[in-house]
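A.B. asks: Residue strings, one per chain:
Number of protein chains: 4
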Amino acid sequence: MAPPTPRLVVPIDLKKKPWEQKSPLHNRWHPQIPPVDEVKVGEIFRVEMVDWTGGAIKDSDSAIDIKSIDLSRVHYISGPIRVVDSDGIAAKPGDLLVVEICNLGPLPGDEWGYTATFDRENGGGFLTDHFPCATKAIWYFEGIYAYSPQIPGVRFPGITHPGLIGTAPSMELLNIWNKREREVEENGIESLKLCEVLHTRPLASLPSTKGCLLGKIQEGTPTWEKIAREAARTIPGRENGGNCDIKNLSRGSKVYLPVFIEGANLSTGDMHFSQGDGEVSFCGAIEMSGFLELKCDIIRGGMREYLTPMGPTPLHVNPIFEIGPVEPRFSEWLVFEGISVDESGKQHYLDASVAYKRAVLNAIDYLSKFGYSKEQMYLLLSCCPCEGRISGIVDSPNAVATLAIPTAIFDQDIRPKSNKVPVGPRIVRKPDVLKCSYDGNLPITKNPGASA
Amino acid sequence: MAPPTPRLVVPIDLKKKPWEQKSPLHNRWHPQIPPVDEVKVGEIFRVEMVDWTGGAIKDSDSAIDIKSIDLSRVHYISGPIRVVDSDGIAAKPGDLLVVEICNLGPLPGDEWGYTATFDRENGGGFLTDHFPCATKAIWYFEGIYAYSPQIPGVRFPGITHPGLIGTAPSMELLNIWNKREREVEENGIESLKLCEVLHTRPLASLPSTKGCLLGKIQEGTPTWEKIAREAARTIPGRENGGNCDIKNLSRGSKVYLPVFIEGANLSTGDMHFSQGDGEVSFCGAIEMSGFLELKCDIIRGGMREYLTPMGPTPLHVNPIFEIGPVEPRFSEWLVFEGISVDESGKQHYLDASVAYKRAVLNAIDYLSKFGYSKEQMYLLLSCCPCEGRISGIVDSPNAVATLAIPTAIFDQDIRPKSNKVPVGPRIVRKPDVLKCSYDGNLPITKNPGASA
Amino acid sequence: MAPPTPRLVVPIDLKKKPWEQKSPLHNRWHPQIPPVDEVKVGEIFRVEMVDWTGGAIKDSDSAIDIKSIDLSRVHYISGPIRVVDSDGIAAKPGDLLVVEICNLGPLPGDEWGYTATFDRENGGGFLTDHFPCATKAIWYFEGIYAYSPQIPGVRFPGITHPGLIGTAPSMELLNIWNKREREVEENGIESLKLCEVLHTRPLASLPSTKGCLLGKIQEGTPTWEKIAREAARTIPGRENGGNCDIKNLSRGSKVYLPVFIEGANLSTGDMHFSQGDGEVSFCGAIEMSGFLELKCDIIRGGMREYLTPMGPTPLHVNPIFEIGPVEPRFSEWLVFEGISVDESGKQHYLDASVAYKRAVLNAIDYLSKFGYSKEQMYLLLSCCPCEGRISGIVDSPNAVATLAIPTAIFDQDIRPKSNKVPVGPRIVRKPDVLKCSYDGNLPITKNPGASA
Amino acid sequence: MAPPTPRLVVPIDLKKKPWEQKSPLHNRWHPQIPPVDEVKVGEIFRVEMVDWTGGAIKDSDSAIDIKSIDLSRVHYISGPIRVVDSDGIAAKPGDLLVVEICNLGPLPGDEWGYTATFDRENGGGFLTDHFPCATKAIWYFEGIYAYSPQIPGVRFPGITHPGLIGTAPSMELLNIWNKREREVEENGIESLKLCEVLHTRPLASLPSTKGCLLGKIQEGTPTWEKIAREAARTIPGRENGGNCDIKNLSRGSKVYLPVFIEGANLSTGDMHFSQGDGEVSFCGAIEMSGFLELKCDIIRGGMREYLTPMGPTPLHVNPIFEIGPVEPRFSEWLVFEGISVDESGKQHYLDASVAYKRAVLNAIDYLSKFGYSKEQMYLLLSCCPCEGRISGIVDSPNAVATLAIPTAIFDQDIRPKSNKVPVGPRIVRKPDVLKCSYDGNLPITKNPGASA
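Same order as they appear, the protein sequences are chains P, A, L and U. Read in order, the letters of the first sequence correspond to residues 1 to 452 in UniProt numbering. Read in order, the letters of the second sequence correspond to residues 1 to 452 in UniProt numbering. Read in order, the letters of the third sequence correspond to residues 1 to 452 in UniProt numbering. Read in order, the letters of the fourth sequence correspond to residues 1 to 452 in UniProt numbering.
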């Protein structure tokens, strides 16, 4: 009996562009994107993936690549992969596709990643009203650990995971998506509650032929034109899973995905070496290329048995995830709180998004007292293994959200100190030249800890 | 040297009403509520507390007490306690008060609690549009474990914590609270996004003399009248901590509270044997009477050193919490996801509250397939040690929230099963008479698992 | 339905001597010691217990009480408790008695304990050849935490547990014990491998009427004389459980005890606030009085179904334990190793006891470099939540044992430092007068850190 | 700046024999085995390694390869690797070499391993008197998980680690080893306490030219002859680390190794996908080929600063290990106990080896009641992530050892069941043909669960 070495179903050649890969990538959801391969249940297979920008971001000192990125040409994902049972019969609409993540990691020879904030005129982020400029931090990996020359004094093990994993939607589901997202796009003003400056962020990204990549379907053909005009962007998580950004979906986890079309058509991508809950800076995980080793199972009729539609049609479901015992664990946490009162002092009604924004801002400000700039901490909280919780959602008018940070990721004790306890001198940081920079006319951000 | 047996600074006699206790309780925030005692830093002291309703809810079969509760007469808290340093000098505005939770638990002889959902006309809850009727489950404690005759087949260790802990506000801060909450109360319609039926929930609870209890200040006196008209309700968490409902604030944790008035005036109450993140049913933890053993420290000038105001005044701060290594840990979790598309199919823009509501509804529906009614699961998810996370808050238009449930709290395997794995018979539940009941003309909810 | 407040079946009055307690204690194992009470399966009941010396050791500066203790008058345990099923039918030989530890802790008003090393002429300990003198450290409790004026700079949460829990032996089993232990006592020289100085330690403690306490059986009567001459000492763990000193047997754990006589006759005592694996100093846990809240079940015929005799008779079995999810967890550990080469350089063959002795000695020496005396660290490793592992038991000639210490219990970073990392100044310790003392003519041990 | 892709300093070609590898391997400890490469502190480098037998054991149905293995030709390790600081100055005797394990795993394309018991006439093991025949189980890896066709119903994540890591001894230390091990070999009878049948196990493996591999030193040369006659076997762990078999030495751990010769000469090998504490079956981990990604640091003078000699010379030291937060964690454990009374009923004096043997035997017998043969469980307990603890080492005459097994590794509930709880049917196992076999004339072991 041969050992079950994973079969490579989607190889990536890092020297090639996303559209030049042998197994063609895609960056849209559509039922008619043809599968690139087929796997059997129980089989271990390997899927490689480019980083979410397909190599547009460089291991460099400048954030100019972040500032000027074309956000229509991103989120390249690997697949779709057709899944069949041991008799060769494909997964069918109404089944549940079980995907177990047996292993994952960076691609050999490409052990680095980046965390960035977009310019508020080009993408923005959760705190774009506070941090309007493009910044970038590079992370290098030492096995399971990551460190950044831009954020010295921090090192942590990654809870590595794919940011995006999902099945293909049916046409019916795709139409639902396009309809409801068009409504929010067209009817957006009333939704603008987080902060006025958010108006520069797109409310939704509707189908667009610009930058569209559809796997085996050749660009410019009539089929391509038709699909490109219908296919959903991959940015939000939806009923099919997709860009869920669940940071604990690491080794040993399982995903139970609803199947909407024959074969399930599993796609995955947007690998994260590590991410904080919320991925607040938007380009916020430690983004990297990588690989997954997966094993699938099919639960026949599982959608009806286990999922309950929550909406007008049977398609309004969500996947289920199972987290196992193998992730890094931390025992001490410092926890920051936010309530749904915004920075102007205005009261919002049980708004967890506002409360979480406040918790993140509180944490950034606190940590910046330990020798860091706020930009550094915004990047850090976006990508380190911090936990964002909804603590209270009923005590009107305040939602309470919390952000818990494992203290062990810092090389100094970041807890508040009683004046009576003698402590050692604050550690003097000696960072490299700070790449985490504003571009153009804006001055280079200095690390306050460095100049002190 | 004598062992440091905790000094009892607030005793509770469970046979007395909240307003009859020897150390008078209060249920409002106001700087002029006089301290009931004084503690020194480093001293271990014990604070006892009534359950948040002060005994209004009974260990009984009927939810009639929940349905008819007077919500103006609740949230009785113990204190205020004045804190001084080892030289007898009081904590001062601008200091940080460090409160360490050395131990806590139920009051001896009162080892039980309850979880309930309010009637939508009287309090409601996060899912009141789905669960409009009053229900109640009683929990009995076996040491660190809780079980409920109303929700058979579930037993879990509590991460016991005080739902409410905070310092007294200054008049300036109190005025800020009253102003901003009045605005949301008066200007409420535009805030109503969660669901239309929410309109029956109060948007904010403004100061009111009705049901007001002010410690040593005698009801009906002019001083009482003045303070009662100004004093803030204790329902929401705010800058002073208060009703934060942080479910991990258990043994070994620390709270760093801002000090707004001389002496700090620490108050605490609303003990929870256990709570899920969000406390979704509103009366949602396992509510009980209890005790805390606390130790305080003062960080002089700590507000300026460690907290950053986030708003128009230096008072717009939030406490910091520190979680230690001694809480129950679970290694396997089943995770439900929600996106910010509501039950009608409408798309909301990055709204974590809507996304969390969907995640909770998804979990309730899933678990109800294992022999439970949905009402039972709503109560369970409100009080068991489940984790509510903000997983994605940037991938417009969908916020992604997750609810993670430790699988070990069930006596059956609740994971989805592949059709190919032979499993044992679904466990037949034999619950007691189900007390978790609709009142009035509504029929008693049957446990579907029982009749199957 | 009444809440299940634990019924107090064994009360302790700390102002009384062990032989004066209302529910009479015992300090021997014998089938004819009569039960003090009866409990039903499913019932929650409370058992209180004196510390293992019954109050002989004082919260004082001197170790004279340790030096001069009468070791024949110790190990007072509470019970026996007869266990019956819901029909009132007693547990029977061949059953398994399931004992769940629902809660436990120190007795209110007695929140302190002690760790000690005996004089080598009176008890000794694992390292008595290195540490021949009596020493004592007092520990005070702050809720779940313990600290000692004698070992400043250390504070940790206790994994509190009963050191001793067991069922009564049958006469047949008792005879087996007495026979085999008499053989080792009489035939002892060849067993003396650990170290020559060990010869001052008793090889076994055979039945003796001296200091014997037998519960309800009055001293001096013929029955007492007979039983006292037969009854086994309680020092070693044996087939009935007994003094197992399993340090993780805390809240939420279960013990599956074999039943040898009708009613099972459960006894328990020797409460430990905390203990390290091995309890190396012999009086080595944080010894205290305390209480247990227990719940029993009976597995009829469970001995035959679950336990396999390992010896000449069906009685040669051992209990099984189940550890739950509620103990304190630590995420970083410093691990010391020992091999089975003793301090003289002599090679022993796969001897885990010698290897563990080396590991403990290595740890003591290492930690003493951080401002402590070796006596302090010997006491600490005996009682803090450190883990003693048998890592390798097959690679002849060396057994490898390890001792893992959670780094978080120290207020300084105890890891080895690279010369290149700038570190803060070594913390200056300001201990109280050091009670951890040699008696008689030996000088008081100074804490090196204090005088530095 | 280039990302720090690990430099490959020891490559392995699995199609070649150990003595044919490009970077020559060795299987002895000697200061004069020349380094195969040099690394700088801070550099990430990759070391590949054969399995400990160098490919002698096959992925096959038969245990004949185990039965007939030549144990003089084993334990091939990679290195030595010379370590220098950033100025190129080598590690010196008296320094501490810090080795951080950044990552590790099986070699790509070779994702399988084996666990075996040797024949008692050829190697034996901890329980060779109970299990005298050669058996073998093959394990296949699915990413971080392992499963075995020979032990169906079990699957667990590996805490992967190198069984062997160490520095080269100086001649002085080597002489100490040879002298003391010769003494135990020559003076062995009195050491034979575990069990009489152990006499067939070698007491020590003294230097021997047979099967000796010495890296770059060519076999048959005078230098080879001299070194081969002096060089220590690699089986036991010793002062230099070596074959410590510390099962938690996984990703994120650090080893602090004493340096005895210039350059430190680090060697490593004997990769384990997973191992139980004690590695009881001797060939007991899941043995495999693999790779390590390492990073070194040098603490100048660290031996004197941090290690304390425990013996006649300054060389009698042991390494220190640091375990990090990234290993798999389990929350429920079933714990088996053993006391130092052997299977014949004979009492031993505080003998942890005997106690652990009893604990392991108890566990094997217990687990065999769940559809397994005892041979299967002996193999399982040798390689699954179970914890072997020294619980009590002072309560004469009984040492108490415990073996804790994480319940989650089984696909059935292995806890004892109360007769009153209805449980599902015992799972029917359908193993593959059982390879776990006695060879020669002995019958194939049947899995009792399979034939039931």
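Think of the hints as simulated: they come from the structure by calculation, not from any bench. Take these hints with a grain of salt, some might be off.
Identical copies look the same in the list; a pair holds intra-copy or inter-copy alike.
Stated by the list, open to error - Quick list of in silico lysine-lysine cross-link-like pairs, DSS-like style, CA-CA up to 27 Å: (1) Lys179 - Lys17; (2) Lys226 - Lys92; (3) Lys92 - Lys369; (4) Lys226 - Lys17; (5) Lys226 - Lys58; (6) Lys369 - Lys417; (7) Lys210 - Lys179; (8) Lys374 - Lys58; (9) Lys417 - Lys40; (10) Lys179 - Lys22; (11) Lys58 - Lys16.
A.B. asks: So which hints don't hold here, by number, going up?
C.D. replies: 1, 5, 10
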